[in-house]
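Novice: Keeping their order, the protein sequence lines are chains A and B.
Sequential numbering of the first sequence, starting at 1, is according to our numbering.
Sequential numbering of the second sequence, starting at 398, is according to our numbering.
Among the clues, some could well be false.
Below, in silico cross-link-like pairs of lysine-lysine (BS3-like), each with a Cα-Cα straight-line distance of 27 Å or less [what the hints assert, rightly or not]:
1. A:Lys53 - A:Lys387
2. A:Lys84 - B:Lys712
3. B:Lys443 - B:Lys421
4. A:Lys84 - A:Lys53
5. A:Lys370 - A:Lys387
6. B:Lys747 - B:Lys421
7. A:Lys370 - A:Lys53
8. A:Lys84 - B:Lys747
9. A:Lys84 - B:Lys443
One-sided and incomplete, this derived list gives chain B residues near chain A with beta-carbon spacing under 10 Å [claimed, not checked]:
10. Asp593
11. Ser597
12. Tyr598
13. Glu601
14. Glu627
15. Val636
16. Gln637
17. His660
18. Leu701
19. Lys714
20. His727
21. Pro729
22. Gly731
Pair by pair, the computed Cβ-Cβ distance ranges are [what the hints assert, rightly or not]:
23. A:Asp189 - B:Ser528: 36 to 46 Å
24. B:Pro474 - A:His150: 29 to 39 Å
25. A:Pro362 - B:Asp593: 24 to 34 Å
26. B:Ser546 - A:Lys387: 53 to 63 Å
27. B:Pro474 - A:Arg243: 38 to 48 Å
28. B:Leu532 - A:Phe143: 31 to 41 Å
29. A:Asp189 - B:Ser753: 36 to 46 Å
30. A:Gln68 - B:Glu526: 56 to 66 Å
31. B:Gly430 - A:His51: 53 to 63 Å
32. B:Pro529 - A:His197: 54 to 64 Å
33. B:Ser441 - A:Thr170: 52 to 62 Å
34. A:His197 - B:Pro553: 45 to 55 Å
35. A:His197 - B:Ser753: 31 to 41 Å
36. B:Pro553 - A:Glu174: 14 to 24 Å
These aren't lab readings, by the way, just hints derived from the structure by calculation.
Keep in mind the model is a prediction, meaning the values are calculated, not measured.
Ideal Cβ placement from N, Cα and C applies to all residues, glycine included.
Residues per chain, in single letters:
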Amino acid sequence: MSSNNPEIGREVPGSTALTGESYGTIASVPQTFESAGEEKPSNEPILEAVHLKKDFPLRAIKLFGPPQAVHAVEDTSLTLYPGKATALVGESGSGKTTVALMLGRLHEPTGGEIRFRGEPVGNSHQSLRAYRRHVQYIFQDPFSSLNPAHGVRYHLARSLRLYGYAHNATEEREQILTLLERVNLTPADHFIDKFPHQLSGGQRQRIAIARVLAVRPSVILADEPVSMLDVSIRLDVLNLLLRLKEEDGLAFLFITHDIASARYFAEETLVMYAGQMVEGGPTEEVIQHPRHPYSQLLLSAAPDPDTMGHRKAADVAKDKGTGTKEQVNMGEATPSGRGEPPSLINPPGGCRFHPRCPHAMPICSQHRPKRTDLGNGHWTHCFLYGKGEEVSGVSSV
Amino acid sequence: MTPIVAESYTTASIQEQDVLLEVKNLNVYYQTGNVPVHAVNDVSFKLHRGQILGLAGESGSGKSTLAYAITRLLHPPASVSGGEIWYYPQRDRTIVTGKVESQQNQLLGMKRKREVEGENERLSVNVLELSPAQLRAFRWQELAIVFQSAMNALNPVLRLENQITDVLKAHAPSMGSDACRDRALELLRLVGIAPDRLRSYPHELSGGMRQRAIIAIALALNPDIIIMDEPTTALDVVVQRDILVELMALREHLSFAVIFITHDLSLLLEIADQVVIMYAGRIVETAPWQELYRHTRHPYTYGLLNSFPSLHGPKKKMSGISGTPPDLRHVPLGCAFHPRCQFAFEACRKQVPALSLPSAVGVHIGEQRLEPDSKLADDVQSKRSQQCQVACHLYNVELLGTHMENALQISEPGPQTGHVNGIGDVDFKKAGERQNNEQQ
Numbered sequence: 001m002s003s004n005n006p007e008i009g010r011e012v013p014g015s016t017a018l019t020g021e022s023y024g025t026i027a028s029v030p031q032t033f034e035s036a037g038e039e040k041p042s043n044e045p046i047l048e049a050v051h052l053k054k055d056f057p058l059r060a061i062k063l064f065g066p067p068q069a070v071h072a073v074e075d076t077s078l079t080l081y082p083g084k085a086t087a088l089v090g091e092s093g094s095g096k097t098t099v100a101l102m103l104g105r106l107h108e109p110t111g112g113e114i115r116f117r118g119e120p121v122g123n124s125h126q127s128l129r130a131y132r133r134h135v136q137y138i139f140q141d142p143f144s145s146l147n148p149a150h151g152v153r154y155h156l157a158r159s160l161r162l163y164g165y166a167h168n169a170t171e172e173r174e175q176i177l178t179l180l181e182r183v184n185l186t187p188a189d190h191f192i193d194k195f196p197h198q199l200s201g202g203q204r205q206r207i208a209i210a211r212v213l214a215v216r217p218s219v220i221l222a223d224e225p226v227s228m229l230d231v232s233i234r235l236d237v238l239n240l241l242l243r244l245k246e247e248d249g250l251a252f253l254f255i256t257h258d259i260a261s262a263r264y265f266a267e268e269t270l271v272m273y274a275g276q277m278v279e280g281g282p283t284e285e286v287i288q289h290p291r292h293p294y295s296q297l298l299l300s301a302a303p304d305p306d307t308m309g310h311r312k313a314a315d316v317a318k319d320k321g322t323g324t325k326e327q328v329n330m331g332e333a334t335p336s337g338r339g340e341p342p343s344l345i346n347p348p349g350g351c352r353f354h355p356r357c358p359h360a361m362p363i364c365s366q367h368r369p370k371r372t373d374l375g376n377g378h379w380t381h382c383f384l385y386g387k388g389e390e391v392s393g394v395s396s397v
Numbered sequence: 398m399t400p401i402v403a404e405s406y407t408t409a410s411i412q413e414q415d416v417l418l419e420v421k422n423l424n425v426y427y428q429t430g431n432v433p434v435h436a437v438n439d440v441s442f443k444l445h446r447g448q449i450l451g452l453a454g455e456s457g458s459g460k461s462t463l464a465y466a467i468t469r470l471l472h473p474p475a476s477v478s479g480g481e482i483w484y485y486p487q488r489d490r491t492i493v494t495g496k497v498e499s500q501q502n503q504l505l506g507m508k509r510k511r512e513v514e515g516e517n518e519r520l521s522v523n524v525l526e527l528s529p530a531q532l533r534a535f536r537w538q539e540l541a542i543v544f545q546s547a548m549n550a551l552n553p554v555l556r557l558e559n560q561i562t563d564v565l566k567a568h569a570p571s572m573g574s575d576a577c578r579d580r581a582l583e584l585l586r587l588v589g590i591a592p593d594r595l596r597s598y599p600h601e602l603s604g605g606m607r608q609r610a611i612i613a614i615a616l617a618l619n620p621d622i623i624i625m626d627e628p629t630t631a632l633d634v635v636v637q638r639d640i641l642v643e644l645m646a647l648r649e650h651l652s653f654a655v656i657f658i659t660h661d662l663s664l665l666l667e668i669a670d671q672v673v674i675m676y677a678g679r680i681v682e683t684a685p686w687q688e689l690y691r692h693t694r695h696p697y698t699y700g701l702l703n704s705f706p707s708l709h710g711p712k713k714k715m716s717g718i719s720g721t722p723p724d725l726r727h728v729p730l731g732c733a734f735h736p737r738c739q740f741a742f743e744a745c746r747k748q749v750p751a752l753s754l755p756s757a758v759g760v761h762i763g764e765q766r767l768e769p770d771s772k773l774a775d776d777v778q779s780k781r782s783q784q785c786q787v788a789c790h791l792y793n794v795e796l797l798g799t800h801m802e803n804a805l806q807i808s809e810p811g812p813q814t815g816h817v818n819g820i821g822d823v824d825f826k827k828a829g830e831r832q833n834n835e836q837q
C-alpha cells in the first residue's frame, strides 16, 4: 500500500479542480483515511473486524412470539495486513460471504466494529465513499458481475472517473490500457472495445479484477474469485492475484471452499462453521495440524492426489465383505461428520458443531468455547484444547 | 456375482467379455449457423463391468455431449454423424436388491427379446439403432443417468415419492403401486435418506440430500451402467466426500459400472479406475489412474494435474495452462492443444495425432512422478501400460525424431514466463539417445 498512497493523496485534490462539475460531490468528500495512511510498517493491521455479528431478520412467520432471525455470523474477528492474504474457508452457508459483504460495507453489521487503519468506519454516505476508495470487492461470478449492455471500456472508465483518476478521454484510455495489461489481457487494444459476451470466463474475471484495480485500493475482498472458472485457467487468475498482492502490497481477504487454493494463496487461514470462527492461524499450521474437529473433517474430505492411493486401497479393503451401507459407514476411518450444517434460524446452543462432532462433551452444548491459543499464532474455539480466555482484541498472525 | 474390486480391473487382465459398453469412433456435431460444431470427434472407449470410468475435461470439451449421446438424449441441433455405441448385456444378471419376482422376470423378458438382435455369440445391442419402445426398455433398466445440477434435476412441485415411482411406472409398468412404494422406501434407505422424507418436496431437502435422491432414482431399476454428469460439482467438500463414499459402497454392493464426468481431475483420480481426458471433443489420453498420475504423458494432462494446488508437500509456484480453451467453431488445425502447448513442433500444427499406445521410445512429461512401484510385478506394470493410450506427436518417434533438436531448445524454461513449469522435466535427450540406439 505504501507505494500507492502518496499517489492517491496527490491526485485526489487535483480531481477537485478538473472534474469539479461532474464529480464534484465525490471529489470534495473529506478524505477521512488519507491522514492515517502515511508510510506505515507492513505489520500494522490495515483492516480489522472486531466481534462482527450479523442477523438477518425473518418476516414474521410466527404471529405470536419473538421475532426470528437468521444468525448468519456470530462473534467474528479478523485482521488484514498489507501484502498479506487471509483465507476464509468453510462450507456454503457458513457465513464466509456475509463476513466479506460486511467488510465491504454492503451489509450493515448487527454488532461489532470495523476499523480501517485503526479508526472505526462511519456510517455516513461520505465516509463509506471514502472507505470504498480503499476497500474493493471481487465477486464470485464474472458472468453476472459485469453489465452485459456495456463494454470493457465503460466498466473500467466508470471506476476511473468516479474516483477521479482520469479527467479526460486520453487519460482514460491510457489508464484503461495500462490496467488491461496489468491483468494480462494483451493486446490491450484488442480487448478495450469488447463486450462481456465476447469474453471467456477467465477474461471476464480479469476485467472484474481490472475494475477493482482502477480504484487503486489497499484492501481487496475476493469472494471465491476462481471457483467459477475453468480448471486450467484458475491457476492463471490466482497467480495474477498473487502477483498483485506482492507488487502492490495489497491486503487480501480470500474466500474459498477449496483449502488447497487457500494454502497456495494465503498466509493466514480462518475456518468458519455455521457462522462461527472455529480455528485460525498461519496457513501451514492450520492445514498441516488442524485442531478443531470441523477443520479436521474439512481437510479429510478434500480430494488430494498425494494421499489417494492409500485412501482408495483402504476403502476397498474396508468395504470388502461388508454388505450393507451401515457397516461401511461405521467403518469410516476419517473423522465422521455425518449430518449437515445446522439451520441458522435456531442454531444449536454452545458450539454449533457439537451435533456432528465425534468428540462432543456435555459442556459443548451449553457454552460456546472461547478462544484457546495453541502457540505460533494458531488458535481454536474448542473445549478439547481448554476453556479458552476472553480475548478482547482480534486475531493476530 | 462376487463384488468387483477397483484394483481388479486395473491390475488383472481384462477379458473381452467383461466389456459392457463400447463406443466406437463416435462423432457428434451441433448444427449452429453455417459452421457445424464438432463437439465429439472420433471418440472410442470401452467400459468394463463394474468399472468406474472417469471422464475429465474443461467445459466445452464435449464430455457432457458424449454422455448424452450414449443415453440417446441428444436433440437437434445436435446429431450423431458417425460411429457406433454397443451395449453388451450380462447373460446372468444377479438382482442384488430384493425385487419382486414378477418384476425381475419382466426385466429379463425384455432382455431376452433383445437377445434376438444379438450378433455372434455375444449378446449385443446397438444403442444408436434402438426403437423408441426398445429405448424405453433400455433406459433405466440397463443404463441410468444422474444429471449435472442436483438443485434443478428434481421437479419442485412433486413429492420425492412421486418422482421415484414415476420412473418405476414408466420403465417397469408391471409393478404395482404398493411394490413401487416399497421400492422407493428401499431406495431411500440405500442412499442414506430417512424414509420419512418420502413425502417431502425437493425444497425441503438439502443439496446433499437432493443429490442422494437423484442417485436413488438412478438406482431404481438396478441398472448396469450409471452415467454421472458432474454429480457433486455444486456440493461442499464434506457432502461430496460423503456421497462418494456412499457411491463406492453401493458400487461394491450392486456392482454397476459408472461413467463419472467431472472437471475435477484430483477427485477423479481418487475414485476412477480408468481415466479418460478429453480436449476439444477428442480423447487426448486414457490410462488407469495410477499410470495417469505417475506417468503423465499428454502435456494437457500434465497441465491439468498441475492446476490443482496440493495440500501437502512443499509449496511451489504453479503455472496451470496458459491460454484459453479453444472455440469449438474454430478448432486449431492439427492437434487442438498446440497453441497452448509448450512442446508443440511442426507436426502438431498440421496433423491430428491419433490415439494410440505410446511408443516405448518416448517422453515422460513430469519425470519426477515416475516412481516405479516396487510392490507391483512387472507384468502388472506392463498390463497397466497396455491400457494407456495417448494422442500426442511427442510419442510418435518418427515425427519427433526430425524435430529433436528443436525440442531440445524449447526444453529450457523460458525466461519470459518466469514460472517453473513442466518444460524442464521433459527428457528429450534420453528419448533421442534411445532412438539412436534403436536405429543402430
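Novice: It remains to establish, for every hint, whether it holds in the given structure.
Specialist: Hints, one by one, checked against the model:
The straight-line distance between the Cα atoms of A:Lys53 and A:Lys387 is roughly 22 Å, inside the 27 Å bound, and the hint therefore holds. Pair hint A:Lys84 plus B:Lys712 holds up; C-alpha atoms about 16 Å apart against a cutoff of 27 Å. Between B:Lys443 and B:Lys421, the direct Cα distance comes to roughly 8 Å. Compliance with the 27 Å bound is thereby established for this hinted pair. Proposed proximity of A:Lys84 and A:Lys53 is supported: the alpha carbons are some 24 Å apart, at most 27 Å.
For the given pair, A:Lys370 sits about 6 Å from A:Lys387 by alpha-carbon distance, which is consistent with the 27 Å threshold. A distance of roughly 25 Å separates the Cα atoms of B:Lys747 and B:Lys421; the hinted pair therefore holds under the 27 Å criterion. Of the pairs offered as hints, the one joining A:Lys370 and A:Lys53 holds, with about 16 Å between alpha carbons and a cut-off of 27 Å not exceeded. Under the criterion of a C-alpha separation no larger than 27 Å, the hint pairing A:Lys84 with B:Lys747 is inconsistent with the structure, at around 47 Å.
Distance restraint check for A:Lys84 and B:Lys443: the Cα-Cα separation of roughly 49 Å exceeds the 27 Å cut-off, and the hinted pair is therefore not satisfied. Proximity of B:Asp593 to chain A is violated relative to the hint, the smallest CB-CB distance being about 16 Å (cut-off 10 Å). Given hint, B:Ser597 at the interface with chain A, is violated; its Cβ is 14 Å from that chain's nearest Cβ, farther than 10 Å. Taking 10 Å as the C-beta contact cut-off toward chain A, the hint placing B:Tyr598 at the interface is violated, the least distance being around 17 Å.
Against a cut-off of 10 Å between C-beta atoms, the interface hint on B:Glu601 is violated, since the closest Cβ of chain A lies about 12 Å away. For B:Glu627, the interface hint is violated, the least distance from its beta-carbon to any beta-carbon of chain A being 12 Å, above 10 Å. Given hint, B:Val636 at the interface with chain A, holds; its Cβ is 7 Å from that chain's nearest Cβ, closer than 10 Å. Taking 10 Å as the C-beta cut-off, the interface hint given for B:Gln637 holds, the closest approach to chain A being about 7 Å.
About 5 Å separates the beta-carbon of B:His660 from the nearest beta-carbon of chain A, less than 10 Å, and the hint is met. Evaluation of the B:Leu701 hint against chain A yields a held restraint, the C-beta minimum of about 6 Å falling below 10 Å. Taking 10 Å as the C-beta cut-off, the interface hint given for B:Lys714 holds, the closest approach to chain A being about 8 Å. With a cut of 10 Å, the hint placing B:His727 at the interface with chain A is violated, because the nearest CB-to-CB distance is about 14 Å.
Nearest Cβ of chain A to the Cβ of B:Pro729: about 16 Å, over the 10 Å cut. The hint is violated. Violation of the interface hint for B:Gly731 is found here, the shortest Cβ-Cβ separation to chain A being roughly 19 Å, above the 10 Å cut-off. For A:Asp189 paired with B:Ser528, a C-beta distance near 57 Å fails the hint of 36 to 46 Å. Checking the proposed 29 to 39 Å range against B:Pro474 and A:His150 shows it holds: the Cβ atoms sit about 30 Å from each other.
Our hint of 24 to 34 Å for A:Pro362 and B:Asp593 holds, since their Cβ atoms are close to 29 Å apart. Checked against the given bound of 53 to 63 Å, the beta carbons of B:Ser546 and A:Lys387, roughly 44 Å apart, lie outside it. At roughly 42 Å, the beta-carbon separation of B:Pro474 and A:Arg243 lies within the given 38 to 48 Å, and the hint holds. The hint said 31 to 41 Å for the Cβ distance between B:Leu532 and A:Phe143, and at roughly 35 Å that hint holds.
The hinted range of 36 to 46 Å is satisfied by A:Asp189 and B:Ser753, whose Cβ atoms lie roughly 43 Å apart. For the hinted restraint 56 to 66 Å between A:Gln68 and B:Glu526, the CB-CB distance of approximately 59 Å keeps it satisfied. The beta-carbon spacing between B:Gly430 and A:His51, approximately 58 Å, falls within the hinted interval of 53 to 63 Å. A beta carbon spacing of about 38 Å between B:Pro529 and A:His197 contradicts the range 54 to 64 Å that was offered as a hint.
Range check, B:Ser441 to A:Thr170: about 58 Å between beta-carbon atoms, so the 52 to 62 Å window is met. Distance hint check: the CB atoms of A:His197 and B:Pro553 are about 29 Å apart, inconsistent with the given range 45 to 55 Å. A beta carbon spacing of about 39 Å between A:His197 and B:Ser753 agrees with the range 31 to 41 Å that was offered as a hint. Range check, B:Pro553 to A:Glu174: Cβ separation about 52 Å, and the 14 to 24 Å hint is violated.
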